[in-house]
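Engineer: Here are the chains, one letter per residue:
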Amino acid sequence: AQKVTQAQTEISVVEKEDVTLDCVYETRDTTYYLFWYKQPPSGELVFLIRRNSFDEQNEISGRYSWNFQKSTSSFNFTITASQVVDSAVYFCALSEATKLTGGGNKLTFGTGTQLKVEL
Amino acid sequence: NAGVTQTPKFRILKIGQSMTLQCTQDMNHNYMYWYRQDPGMGLKLIYYSVGAGITDKGEVPNGYNVSRSTTEDFPLRLELAAPSQTSVYFCASSYIAGANEQYFGPGTRLTVT
Chain C
56 AQKVTQAQTE ISVVEKEDVT LDCVYETRDT TYYLFWYKQP PSGELVFLIR
106 RNSFDEQNEI SGRYSWNFQK STSSFNFTIT ASQVVDSAVY FCALSEATKL
156 TGGGNKLTFG TGTQLKVEL
Chain S
3 NAGVTQTPKF RILKIGQSMT LQCTQDMNHN YMYWYRQDPG MGLKLIYYSV
53 GAGITDKGEV PNGYNVSRST TEDFPLRLEL AAPSQTSVYF CASSYIAGAN
103 EQYFGPGTRL TVT
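Which chain is which? The protein sequence lines are C and S, in order. Take 56 as the starting number for the first sequence in the numbering used here and just add one per residue. Take 3 as the starting number for the second sequence in the numbering used here and just add one per residue.
Excised from the complex, chain C in its bound form (with noise of 0.2 angstroms):
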């Protein structure tokens, strides 16, 4: 069965500073999805990121980056320069290959990582 761990519940930071979130995730399958969500106040869930088992190469966007290994089942996202915009929920969530029944991708999440970026 496929697992995500966020183990950070809650991180506070300085605006300006950098802060990782961690996900750990456990599956069996070779070929699976990975995926970073952002819950900020207002509620809605924003798609941020996607790579595929295949693809370990390190990813920035901005001030966002996310670092990948499969060596040890992770896929961190960074931060740069937080800002007080960064505060949210964020999610890490796995997908597996194996489909749901007729297709679809079945998401797991994470409990999720209440970043506070303040003054």
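Everything labelled a hint here was simulated from the structure, so no lab data went into it. All clues given are correct.
Label-pair distances were calculated between CB atoms; the ranges are: (1) S:I98 to C:D110: 14 to 22 angstroms; (2) C:T60 to S:F12: 28 to 36 angstroms; (3) C:Q124 to S:P85: 41 to 49 angstroms.
Here are a few chain C residues that face chain S, going by a calculated C-beta distance under 8 angstroms: (4) F90; (5) G98; (6) E99; (7) L100; (8) F102; (9) R105; (10) F146; (11) K161; (12) L162; (13) F164; (14) G165; (15) T166; (16) G167.
Keep in mind the model is a prediction, meaning the values are calculated, not measured. We put the beta carbon where it would ideally sit given N, CA and C, even for glycine.
Chain S: place on chain C using the hints.
Structural biologist: Below, chain S alone, put in the same frame as chain C:
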């Protein structure tokens, strides 16, 4: 495109009442999903659909029902509401299987008292 829309945004139900949470997407996605989010937890899959007329249970289907008569709509029905169903409900959709990210609606906050 409006994306995924959900109504209502908030609702308070009494124990034993029934209601339908509406979900519509305008992205022509085949796959649609219903999740619930409880405080401090991730999202749990309630039901999903891989196309019009095809639905199946997720992890926590008890107390809920769904139907999918069109590609766009995927309503979630609560029969005989219970306090344990107090939660935030999210509808999501995706284009095809596996690799595609899911797009989420704004959520419905439901309280059962």
